[in-house]
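Colleague: Residues per chain, in single letters:
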Amino acid sequence: MSWRAHGMRAWVLQRFSAAYIAVYVLVILVYLVPNLPMNFLQWREIFAAPVMNIATLLFQIALLAHAWVGIRDIIIDYVHPVPLRLVLMTGMSLLQIILTVWVSMLMFSVVRL
Amino acid sequence: MFFMTPFLIYYFALSLQTPPGFAAAVNWINSGLMRLVMVVLLWSLIHHLLMGIRFLLVDFDIGIELSRARASAIGVTITALLVTLWMVKGLFV
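Chains D and P, in that order, give the protein sequences.
Numbering-wise (my numbering), the first sequence opens with residue 1179 and increments by one.
Numbering-wise (my numbering), the second sequence opens with residue 2 and increments by one.
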């Protein structure tokens, strides 16, 4: 079987994105949450710093990949009519793209260069 | 969790863009309903993370026997709940 056909690519994508998401969340929990509450400037500076800014954008991209595979699996398992499958897959992909554009614009607007 | 992402991104954007938006976001998180929503999301995330690690181990044939798989499923469910309670205690109490 080819790399594409047996779903190994989706499996690897899901696991690698999961690892990135887990590391990002742990960094937030360990380094950010204990410093709460903070004021607007402190809060904004965290995400304005280029490293965190890019890491957050990458987090959204990892989330897109991870959720895409997960929702796709749910649709494949539970939605059998092909037209409905197409509609749901297209809808969720569009939503994911819109959310990623939104986060990209947000991160671009706060970054300190 | 998937359907909550648009809401979370909106909330994140609100807190980052302007000082009044940040104040509104802080005000919001201090309400009981929002705290409940956040606690449920935190619980979902921790449960998802631990269950994901469990499935990864099962993928590598670790704990694949039915009895051990059942035990680890219950173990993960209880652990996720305890970790969530511990974190909530640290955050809000």
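No wet-lab data here; the hints were simulated from the structure.
Heads up, the beta-carbon is just placed ideally off N, CA and C, and yes, glycines get one too.
Incorrect hints may have been included.
Stated by the list, open to error - Examples of chain P residues lying across from chain D (beta carbon under 8 Å, computed): (1) 23; (2) 50; (3) 80.
Colleague: Give a verdict on every hint.
Modeller: How the hints compare with the structure:
1. Hint on residue 23/P holds. Least Cβ distance to chain D is approximately 4 Å, under the 8 Å limit.
2. Below 8 Å, beta-carbon pairs count as interface contacts, and residue 50/P has one with chain D at about 6 Å; its hint therefore holds.
3. Interface hint status for residue 80/P: violated, as the beta-carbon distance to the closest one in chain D is roughly 15 Å, over 8 Å.
The structure is inconsistent with hint 3 alone, although it conforms to all the rest.
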